[in-house]
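*Asks:* So you can see what is in the structure, the chains are spelled out below.
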Amino acid sequence: MRVCLVIEGSYPFITGGVSSWVHELISGLSEIEFVLFTFSPQADQELRYKLPPNVVGVTDVVLSDKSRSREGRRREGGGRLRRERVRGILASHLRMFSGGVPSLEELIGAIPEGVSLHRDSVLDGRSWRFVQAQNRLRNPIYPYSDYFWAWKSAHDLIFNVLAASPPEADIYHSLSTGFAGLAALAAKVRRGKSFLLTEHGLYHKEREIEIRKAAFVRGYQRDLWIRVYNRIARMCYEGADLCTSLFEENRRYQLELGASPEKTVVIPNGIDVMRYSVPRIKKDEDFHVGFVGRIVPIKDVKTFIVAAKLVLERIPNARFHLIGPDDEDPEYAKECQRLAADLKIDDRLEFTGRADVLEYYSFLDVVVLTSVREAQPLVILEAFAALIPCVATDVGNVSELLDGDRRFIAPSKDAAKIAQGIEYVLEHPEEMAALAVNNRARTVANYEKRELLARYGELYSRFESANPPGEE
Amino acid sequence: MAGIGFELRKLVETRTVRGVLGAAFSGILVVAGPWLLTAASLAAAGRLPFLAAPDIALAFTGAMVWALAISICVSAAPLYIFVRLSADLIYESQKGEAVTLLLKYSGASVLASLPIGAGASLFLIHGAPDAFLLGLAFTLLLAAVNALWAAMMTATVIRKYGRILAAYALGMAFMYVLARVLGPSLGAAGALLALAAGYALTALLLIAATVEALGRAPYPHVFRRLADYARKYRNLALAGALYAIGTWADKAVLAAFGGVAAKGTLFLVNPGYDSAFYFSNLALIPGLVFFTIVTETEFNLDLKRLVTYLGHRRQPEIETAKTRILRASALSLARQTAFQGAVAIGILLVAPFLAAASGVPQSVFARLLAGGFFQLILLSALNMLFYLEFYRDAALSALAFALVNLCFSLAACLFPQAADLRGLPYLAACLVSAALALAFAFRGLKRFDRIVFLRASGEEYGR
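Chains A and B are the protein sequences, given in the same order.
Start counting the first sequence at 1307; every next residue gets the next number (the working numbering).
Start counting the second sequence at 118; every next residue gets the next number (the working numbering).
Everything labelled a hint here was simulated from the structure, so no lab data went into it.
Hints are not guaranteed to be accurate.
Claimed, not checked - The following residues of chain B were derived to be distant from chain A, with all beta-carbon distances above 12 Å:
no., residue
1, E130
2, I173
3, V182
4, K212
5, P246
6, R276
7, L295
8, R297
9, A330
10, P337
11, A400
12, L427
13, P433
14, A451
15, T454
16, A487
What the hints assert, rightly or not - With the C-beta cut set under 7 Å, the calculated list includes, among others, these residues of chain A facing chain B:
no., residue
17, P1449
18, R1518
19, F1522
No residue lacks a Cβ here, since even glycine has one placed at the ideal position from N, Cα and C.
When you get a sec, could you build the whole thing from the sequences and use the hints?
*Replies:* The following block contains the structure:
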């Protein structure tokens, strides 16, 4: 059996929760062949993981690659075929603007694989008039060029994805909606294979937050992008043979956007509990607080540093360890280091860079997570397996993981509440010891990697046998 | 020429007689000064005693016309590419680099002219008593003219109109003096050498003025860049070459089929038709001045507004700007055409005298005058197409101009039993190509917004 994992902006080029999950899945299902079909913002990225031997191929597509469009143009045909395609594209838009979901089957049916439609979608005379008509309706305040470029970039990306040829596989397993989901859906339509969608976070919600925050995206551009991501998500939910999510709340969002209940299932994250069950040691008399993760804005490291300052004002022997790579956003990492220096706590706070977390889990007294966005953070499960209490912001499934205990849950960016949580851990050692045992037991019961691998192995077998005969 | 057009427009807008006359006089100097100066100097030289001998005069005129025709037809394509690159460099404030480009391009065009001129001399001069000297003078004239085109274009781009006139005045004076010295002993070859020297001096003065104004800066790989531009703007080069061929097609065909040449040469000319053409083309000067001051400046302003709006304004405002440029262009072209029509009618009143002076029937002169009327429209429309960078459409219009003129001229000469059709092919060519270029220009304006976005998306649409 061969599974094609369709991934955008993550494994094997970027480290993080989703990447770790993918790596563990591939390594754990060694009897299955995997091919990676990845979408990246730029070419020739460095591999951040040593690929397991059962990864038999990697096809990376650069999302903004114009050469693909040019290559496709040579084969795009002319005359009647082009007119039909343009008609198809415009009909899909009209359906979308009237609240429906474009029929990808119809659209893809008219496009041979490898043919980019970016010219037809934007630059053809009829498409141009259509864009103008839509602009008149929806963008009365801002310049036309804003609308045009938003429209064009969205379509370039979409049609670049649709033009890409995925590797041959029995199952197309996408790790998000968005462009990866769209590519997997196109593969399903073109190749008649199964499409499995696994969501950690909710791609379209995450993009929406980013778009709303971006100052340069204004007016109707904002609505357009949000609408594009929502529609793609809806198409993926409707087209997938099964949608899995990490926790129930995300499953409900999938249902809201059109997934049918019988095609959705929750499969939580899983970790190798034994691996993280490291012997506890008392390193010294200091109180050790850990942050495990990449030094990137989404982890809101600055709130952790401010919380550290607040804690140090009352607990001078506290020590803070930021354990994780700082090379993904070096500018942000520098800002964090400057902040620590400005707050005069850099002697009590270390940036370890890439390090062996197990070594730190053996002596950390508390693990803190300050992220502004998460799904079901593995770091909390790892800390629980290592018998370490956690304090975290209320994002994604954190509240459920922390059993809804508000003493350890802080609103996003609330450094004072994080500091309170840390201090509570220090001040209640006996209660924390009992809580740690309980947390570990819950992790063993609900978040074991063995269970996760078994469920995905079973799903792959089911969908492989569901493929139409003669097409394998 | 939009730059000087704006200056002259300010004079016109004073709405005083002095202002309007000043603008008209300056406009004539700008658009036709070098042409008139050259013509006057040649007319003065023509009165020199040694040029009274018909064979010497014919050899001189024939060699001069052929040198100009070959130069224009051969150098038009690279010259348009050179001008485009120069204008881009100057726009990007790489003025010193533009000067280096001018120096290298002029040098190369002089060097390239030598084998072309020598080859043409071998073919066109047979058994003339002073064949070698005549060939040498012809070749040097070709080289000097080619260098002058480049120098003149760069000086125009940087708007050194005063220096252009001064350079021409000095160059032509030098030509006259040298012709007086060399003519009596060397005959036609002496006059040609004097003309070549006059042009060479003019070119050198213009280059010196350009170097003085812009300075010099290193600009490596000049010819590779020119080659890149030629690939990118091949339709611009084609438009230039075809327009040049179209301009000469009827004259070349008539000369080939019924022209006369000095003894021992194949410098065939058709003195009557060529003179009539020359006189009728003088009628274009007022129209060209109108174009420079009114049509081009208005178009330039409206186009700038539209381009700015495309990047920064709402769609209704863009549509208003587009409607405005369409209407304004149509209106200013109509006004220019009416003005030129009035000039042409005025000249028609003296047509009998001019036709008689040229030695052609009045009907031929009238056709040439009408042809010139439409040629001005063609020039205006081509200019619009160049502004819009619709080089493919410009090349198609120039192709129509060249083809119609060439084919009609050949047909008229191949059937000599027909009535005297001289001038008709030129008129038909100007009429057809002007209509085509106008249609392209207005179609282009209507789609200009889409095409700007197409080009901004990386498509070389229409270029």
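*Asks:* Each hint needs a verdict: does it hold in this structure or not?
*Replies:* To see whether the hints hold, each was checked on the structure:
no.	hint	verdict
1	E130	holds (32 Å)
2	I173	holds (62 Å)
3	V182	holds (47 Å)
4	K212	holds (31 Å)
5	P246	holds (63 Å)
6	R276	holds (32 Å)
7	L295	holds (58 Å)
8	R297	holds (64 Å)
9	A330	holds (37 Å)
10	P337	holds (28 Å)
11	A400	holds (41 Å)
12	L427	violated (7 Å)
13	P433	violated (8 Å)
14	A451	holds (29 Å)
15	T454	holds (31 Å)
16	A487	holds (37 Å)
17	P1449	holds (5 Å)
18	R1518	violated (23 Å)
19	F1522	violated (15 Å)
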